[in-house]
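*Asks:* These are the residues of each chain, in order.
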Amino acid sequence: MLRYTLRRVLLMIPTLIGSTFLVYLLVFLIPGDPVTRLAGGEKRLSDSTIASIREQYNLDDPFFVQYAKYLWGVLHGDFGHDFNGNSVSTLIATALPYTVVLALTAFVLKLVIGVCLGVWAGLRQGRLPDKFNLFFTIFFLAVPGFIIAYFSQYVFGIKLHWLPISGVQAGFPLAFVMPAMVLALETASPLARLSRTSLVDTMRSDYIVTATAKGISPQRIMWVHALRNAFMPVVTYLGLSMAALLGGSVLIETIFNLPGLGGTLARAIDTQNGPVVVGVSIFLLLFYLVAALVVDLLYPIIDPRVRHA
Amino acid sequence: ADGTTSLVAVNNGEIGRITGAQNPGSQIAMAICEPLTGIEEDGTVFMRGAESLESDDQVNWTVKVADGHTFSDGTPITAETYVDTFNFVGAGANAMPSNYAYGPIKGYDELNPAEGKATATEFSGITLVDESTFTIEMKSPNNDVPYILSQLAFCPMPESAFADPVAYDKEPIGNGVYTLEKLDPQVEAVLKKDPKYQGWVPDGAADQITFRVYTDTNTAYQDVVAGNADLLRDLPPGLIAQGRNALGEEGLTAIDSNALETYFTWPTYLDETFPIEVRQAFSMIVDRATISKDLFKDATVPAGSLMPNSVSAYREDACGEYCTYDPDAAKALIAESGFTGTIPLNYSSENTTDAATALAVSNSAKEIGLTVEPKPVPAAALSETINSYELDGPVIQLWGSSFPAASEWVASVYIDANYRLKYTDAEGQAAVDAALAAPSQEEADALWQKSEDRILADQVIQPLYQQVRYIAHTTCATPHHAGGDQQIYRTAVTCS
Amino acid sequence: MPESTTSPQTARARRGRPRSGLRSLWKSPWFDIAAIIIVVVALMALFPSLFTHIDPRDCDLSKSRLGPEPGHLMGYDIQGCDYWSNIVYGARTSLEVGVYTAAISFVIALVAGSLAGYFGGVVDSVISWTSNVILGIPVGIASLVILYQFRSRTVWTIVFVLVLFSWAATMRYMRSSVMQVRNLEYIQAARGLGVGPWRILGSHVIPNAVTPLIVMTTLSVGAGMAAEAGFSILGVGLKLPAFSWGIQIALASQDGNWQIAPLLMFFPALMLGLTTLAFVVLGESLRDALDPKARR
Amino acid sequence: MPLLELESVRRFYKQKHTMFSRGTHGQVRAVDGVDFTVDQGETVGLVGESGCGKSTLARIICGLEAPSEGTVRWNGADVGAMSAADRKSLLHREVQMVFQDPHASLDPRRSVGQSIAEGVTTHRLLPASKVDARVGELLTQVGLNPEHAHRYPHEFSGGQLQRIGIARALAVEPKLLVCDEPVSALDISVRAQVLNLLNRLKRELGLSIVFIAHDLDVVQHMSDRIVTMYLGKVVEQGDCDDVYAATAHPYTRALLSAIPRKLAPDERLERVVLEGDPPSPIDPPPGCPFHTRCYAAVERCATDVPALRSVPGGQPAHHASCHLAEQITRSRVGMVSTLPSPLSLSERNQ
Amino acid sequence: MTALLDVQNLSLEFRSPGNPPIAALQDVSLTLDRGETLAVLGESGSGKSITAKAIMGILPKPASRITGGRIMFDGDDLLTLPPTRLRRVQGARIAMVFQDALSALNPVQTVATQIAELYRVHRGMGKKQAHAAAIEMMRAVRIPDAANRADDYPFQFSGGMRQRIMIAMALALDPDVLIADEPTTALDATVQAQILDLLGEITQERQMALLMITHDLGVAGQLADRALVMYAGRVAESGPIGSMFESPAHPYTKGLLGSIPSAAHRGGDLPTIQGLPPDIARRPPGCSFNPRCGYATAQCRTVLPHLDPFAPDRAAACHHKGEVIADAPVGA
Ligand SMILES: Nc1ncnc2c1ncn2[C@@H]1O[C@H](COP(=O)(O)OP(=O)(O)OP(=O)(O)O)[C@@H](O)[C@H]1O
Ligand SMILES: Nc1ncnc2c1ncn2[C@@H]1O[C@H](COP(=O)(O)OP(=O)(O)OP(=O)(O)O)[C@@H](O)[C@H]1O
Ligand SMILES: [Mg+2]
Ligand SMILES: [Mg+2]
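Residue numbers (our numbering), protein chains in the order written: chain V, 1 to 309; chain Z, 1001 to 1496; chain S, 2001 to 2296; chain W, 3001 to 3350; chain D, 4001 to 4332.
None of these hints come from the bench; they were simulated from the model.
Check the hints yourself; a few may be wrong.
Each computed PhoX-like pair below joins lysine-lysine, with the alpha-carbon atoms no more than 25 Å apart [unchecked claim]:
#, chain 1, residue 1, chain 2, residue 2
1, Z, Lys1139, Z, Lys1117
2, Z, Lys1331, S, Lys2293
3, Z, Lys1182, Z, Lys1196
4, Z, Lys1450, Z, Lys1422
5, Z, Lys1139, Z, Lys1450
6, Z, Lys1293, S, Lys2063
7, D, Lys4061, S, Lys2293
8, V, Lys131, S, Lys2293
9, Z, Lys1170, Z, Lys1196
10, S, Lys2239, Z, Lys1366
11, Z, Lys1064, Z, Lys1106
12, Z, Lys1366, S, Lys2293
13, W, Lys3014, W, Lys3088
14, Z, Lys1117, Z, Lys1064
15, Z, Lys1331, Z, Lys1366
16, W, Lys3175, W, Lys3088
17, W, Lys3088, W, Lys3130
18, V, Lys131, D, Lys4128
19, Z, Lys1182, Z, Lys1193
20, Z, Lys1170, Z, Lys1192
21, Z, Lys1293, Z, Lys1366
Treat the numbers as computed from the prediction; the structure is a model and nothing was measured.
Please build the complete structure, drawing on both the sequences and the hints.
*Replies:* Now the structure itself:
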């Protein structure tokens, strides 16, 4: 187990290097020259200014030199700057807390909503809650997230005055309740579906019959016996989604005006700012890798029959 | 609470560079900067940092700097400050994005060679005379200098800024009405009125302005409706209709003098592919009136001129028949030209209104059997294609003036750095030069119109529509603009 | 040993039990509804003219965003085109993108996930490593850059990019359930019979582990449909003017259009939702049909 | 050369699957140094206390589990060194297992017909057209109906599944059949049918069988040789008759005496009751592993490990690992009189 | 006085799509009183486990359906009892040992947790206390080194150990009725003897009723007071075990007893009942046993015999029971 963990951790290094290289290359390959748009919408920069700016950000170097300079910087703890002169580390450091709070809150809500819906539907398979689960899933899949977001802003922010409409000024938890809730609802569908179906599968096992024969209530059977058995795909999903949430939902961050990582990344892609894109990507990838590792380590805990080679 | 007034303005998107750039930090820069001149609502110029600005020949301009004005940190501002700033920003090597504004000044080309190293470090056209006086020599006669100097590009910077302009940008030391108290580029910027500031203060200017970053217009709008934010400019079409209901007359202000216009531009290197009849026909299948009214719900007005109504040389229908929707005539023109190909209509994929326009044009072209392919291109790629003269068809371009003068509109078509059309026309150019040297506005206007007619006749750039700035605001804020350009810090505020 | 009382042949004739439960699919009303939706949408995709006579690009700008009226059941879109025929013509792209993407990434995820989960070790490391790298790349730029390299883009180009970035996640579902199943005693029993690893995977492990993958795949049909729109809007999708529900939803969501004309959002979302619903129900029925214990 | 040969085979299981467990501490010593052979056409009965490692040994024989230590030779070839192809064509083709838990060892999603046919198709024993008929034949042989082939495991009773497991193993026509309690869930009549079938195959085809069972009557009926295990070790082995008639290990004796015989209650002489808790396979007691519960234990049993050696005065093939083997053989404690007495047996043998 | 457990005319069908229903149980009746042990014998696949599951209320859904009969327990009909009340009976008052122990244990819970759950749910014990009680139960069923193995998972146990865990679970709450479905098949003789002793003790001391499904006539004989023989989903014969074994009244019972191997059969074939076990989906008309029966007459091939009482406490479903009893006793 320890060996396995160590091996996985070591494997992260080539993964990180491979990914940063790819990401850097992709940014480099984005069509168009980022510098030309620095002056804003309409006016065009003079050629001499463009040349100076390109030099300032190493943009006139060939790709491999750029990448090497970047990597060199990273090794020295310098993650570079965006075109507005903000250091990437600062950008990430300021955005991260918002993202983490949002992601964790949404994660918990989503977990509760998704699993409860799944269990409820599983308990009443083929009956109303099951259908509700199906329609909930489809509804939130088909209705674009921003509609839900705007709608809740309207209802809870403007009409009821319960929660701030946007921004982080109100602090935690007030400012994060609504975005997290919307994010959770938006992404709970697969979870609800997955847990429902896995549970229904599991409920057909013989040991569930044993549990019934022990006089245990269906609820307890569901939560205690079936859920853990059905949890492998669910945990897989949760791991992936935790990483995705930390990557930030650009849409939700945008609508609710949360200055998180997702928005930072989106803007950086938009302005073709290699250092920022790569910086944020490394970060997200690390999250992802750790989440994947945690999930893999959880498998044998959830199901002791699973062994890691 | 204590009688101080405050304004929360919506900043569309992250606060980027504040100093020396156009967007998106310019609204903040305006508030912390006192340029030499200022522009009134009706578009006329008044002195701010300058005591006087004079010229006999429109070439050599003498600037007298007002006495006793200082930076917010107390450093006095002298003529030398301006000269140093101009030499700094004007030099391409310093990588200041606002460098382009110095183009008309003599010596610019030496400081900004198209290739290679600069051959000078200072403008040959700028001379320090004494403590409070300096002179500017233009490349050619230019009566727009009072306007030019009102631009943010000419804001004075303290000496400390030159060493590291990027760091300065995070903690700018201005000389304007406000000082920057707090800057969090992803959240907000807070400005406070500078008690030591000596110059002109707009009526009703708030004691404190918060530029709050909004990444989503709809959210910003909802916050204005809820009273959490006071001012939001540039409402999209869908929200204008909404705003009329929710905010009513007193909450929705349209600035009726426009400063943004959208064109179709046809690079001249494509003249072979798209002969003039095709371009004319293209322009005639565009139903400008319906586009503005139905597609954009009056967020735009149809344009029949290359200049907007904020300019005195403006004529409502300079373009004439070619800007009038007439599919039959268009069909005839196409038939005449024998053109059978496809016209790719380029636009920036980030721009949703351009996308809608392109689709509308494509649809109405189909009615006369002409194929127009809407072609969204990522913004940076589009600029690059334009800059490298590699377009394959017309492109939808937006133009905004920095000051309300005809030169910003008509003259810029002739300057290849702007639209990159490779357009030259001796007669038109001559009219432009004459207009810039003209002693009176009337004479100038006539010349501007003449050169505009030349451009329109060549059909290199076709007016489409002008954006109407719609501003959603709370009742305590009265929006203000300078010659069609809204300047947030000049908003009159009544609430505390 | 005594002889059987009846010969196998007559016995089978008398109790004709289908080998698989696929036939029982037709018994469920839910399945019927799903099948009808899919058939109708497929017909739309194949023969749009069966459903509308109006050219979707025959537009009258002055009718922009007008509501339903006789002859124009869904009203007009932003450009003043008949919305119903737009929806009908949108079925093709949407269905193709959604279904191809889901189907292909299902297959890839199935194969990669099974291999990684079943064999573990180096195979797992390589597959997981690849998927990690892919998951670590921001999809936004990657798809933009890749699609930009294609001069002419077809549905398959879009599908290619969507698959490239979706199999990595779905693979993990398969991997995890295969890991759960691979040590069970009936797998050991098959091993003891000398059944090769591929056969074991194909006939024992996968059938018993595929459920989560089916669930996630059917759910992803709608996601693929929606994702296509993003590409078109960015200028790296299909050549404009293209019709798809995704594009319609995206256009309706821009510039506050949905506030003036909510129906523009509603109809394509409804179609997308119904189609996804149909696939989810289909997947669910399929799963039940494959599970002998679930048959009624 | 024996068909199958196990040489000091060990199999330890990590018990607690914590992240950091290492070494042999905290391991279940399921099989702890077993030498074991099976000859062509021989039936070896494997008996022993529940949890003593019989199933583990069976899985090792069938190549389903690799021993932690020791070698397994099938037909002289080292199984551990076999290539995957050899394993399939040599080992799995010729050695088959009937699992102890018939329910868990059948794929719930495949009809039993498919499960039974799998071995046949894997080894291409029959053309595809004949497979169905063969499945039907096998089902009939184990007392089921050919049309049951289309049913799924959950539709069967425990005994029916057990027979399906046997049919599956027989389908491959193995040389060695390892049966882990193959008839425990069958009623006597059906069980007799199945046992007759196995014996017939043994007679006609020279099938070798490793027969794990708890019903000692059945073991006696089936086996040529008996191996008794206790706590992962072989404690006694020998010809069936020798072991039954001249039991040399007290544990075997306890086993034999514990057979419930309501039908002939009075024939039992004395039942050996094992006192105390069975020792833990994680931490086996020193000396003779059985000494903690042995009715005959003496002091040295607690310290000296008895070797598995020929029983003094018995047949040369009769081995036991007991210091007191000789005394035990002589005593009548726990003997059952329905069996021929040792004397008459030895007479018969001579 | 009514018996503690009284199953009356229980009938049950299996349904599957596209096939006619299979009558798995027909008119099965049995009674069981406190302190009494009933052995259920019979052909493999004759419906013993299904009967047990029906009593437990855990029939496979939706495949099976009860088509008739009642299951009275302590005055309540278990078939109509509301779920919450049924749950108070299940596990606590009626408990069951399942036939296949590996599938019946939750693979992802430690065995101690699964035993402890009963204490926690039905007795409201705390976690620690329940765990300790669970280990105590594991000791009682002779799991070696119980404290150390308590936190192991079912797959880490041997077949017999799992079976003992099932027994521990069933006995944990001192049920009034224990249904044991072949509870000792995987146990060696010594452990089996100990477990049977334990069961015997409990039936004696705590007046537990034991319904024991078994194929081991020795075990049945040792433990049971009465026996019930099932054949093809019906009760063939019932009565006190001693007299039944001495003089079986049903040819199947007789055949069964005749199949007991003895030393005489060594090396040869074991005796069996002739013919193929019946398939409940295709019962022959009349008595299900008639194709294999030596006594069968024309009547047997058309008329279904009823379970007729003939001697005190004995009943058999055979048209020819007189002849069968009269024939010489069989077997050992
Ligand atoms: N889900 C099902 N569908 C159809 N038939 C079934 C189903 N479950 C069980 N059966 C049939 O019901 C009959 C009775 O099964 P049951 O498990 O009660 O037998 P049993 O008497 O316990 O046999 P054994 O001694 O072999 O365990 C069997 O013939 C079996 O094939
Ligand atoms: N996968 C495993 N992990 C840990 N321990 C195991 C595992 N499999 C078996 N054991 C342990 O190994 C020992 C021997 O088990 P095995 O199944 O071989 O016994 P057995 O002789 O077959 O017993 P029974 O007659 O009860 O089936 C037991 O103590 C058991 O708990
Ligand atoms: Mg075993
Ligand atoms: Mg049974």
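*Asks:* Hint by hint, say whether it matches the structure.
*Replies:* Cross-check of the supplied hints:
1. Taken as a hint, the Z:Lys1139 and Z:Lys1117 pair is honoured in the structure, with Cα atoms around 21 Å apart against an allowance of 25 Å.
2. For a cut-off of 25 Å, the pair hint linking Z:Lys1331 to S:Lys2293 is broken: about 70 Å separates their Cα positions.
3. Proposed proximity of Z:Lys1182 and Z:Lys1196 is supported: the alpha carbons are some 18 Å apart, at most 25 Å.
4. Restraint check for Z:Lys1450 and Z:Lys1422: satisfied, since their Cα atoms lie roughly 20 Å apart, inside the 25 Å limit.
5. Between Z:Lys1139 and Z:Lys1450 the alpha-carbon distance is near 23 Å, which keeps this suggested pair within the 25 Å criterion.
6. For the suggested pair Z:Lys1293 and S:Lys2063, the alpha carbons sit about 11 Å apart, so the restraint of at most 25 Å is met.
7. A distance of roughly 9 Å separates the Cα atoms of D:Lys4061 and S:Lys2293; the hinted pair therefore holds under the 25 Å criterion.
8. Of the pairs offered as hints, the one joining V:Lys131 and S:Lys2293 holds, with about 21 Å between alpha carbons and a cut-off of 25 Å not exceeded.
9. Between the alpha carbons of Z:Lys1170 and Z:Lys1196 the distance comes to roughly 22 Å, so the proposed pair stays at or under 25 Å and holds.
10. Pair hint S:Lys2239 plus Z:Lys1366 holds up; C-alpha atoms about 16 Å apart against a cutoff of 25 Å.
11. Simply put, Z:Lys1064 and Z:Lys1106 have alpha-carbon atoms about 19 Å apart, close enough for the 25 Å limit, and the pair holds.
12. With a CA separation close to 59 Å, the supplied pair Z:Lys1366 and S:Lys2293 exceeds the 25 Å bound.
13. For the suggested pair W:Lys3014 and W:Lys3088, the alpha carbons sit about 28 Å apart, so the restraint of at most 25 Å is broken.
14. For the suggested pair Z:Lys1117 and Z:Lys1064, the alpha carbons sit about 33 Å apart, so the restraint of at most 25 Å is broken.
15. About 11 Å separates the Cα atoms of Z:Lys1331 and Z:Lys1366, which keeps this hinted pair within 25 Å; it holds.
16. Proposed proximity of W:Lys3175 and W:Lys3088 is supported: the alpha carbons are some 14 Å apart, at most 25 Å.
17. For the proposed pair W:Lys3088 and W:Lys3130, the alpha carbon gap of about 22 Å is at most 25 Å, so the pair holds.
18. Using a Cα cut-off of 25 Å, the hinted pair V:Lys131 and D:Lys4128 is violated, with the two alpha carbons roughly 40 Å apart.
19. With a CA separation close to 13 Å, the supplied pair Z:Lys1182 and Z:Lys1193 stays within the 25 Å bound.
20. Proposed proximity of Z:Lys1170 and Z:Lys1192 is supported: the alpha carbons are some 16 Å apart, at most 25 Å.
21. Annotation: proposed proximity of Z:Lys1293 to Z:Lys1366 holds, straight-line Cα distance about 21 Å (limit 25 Å).
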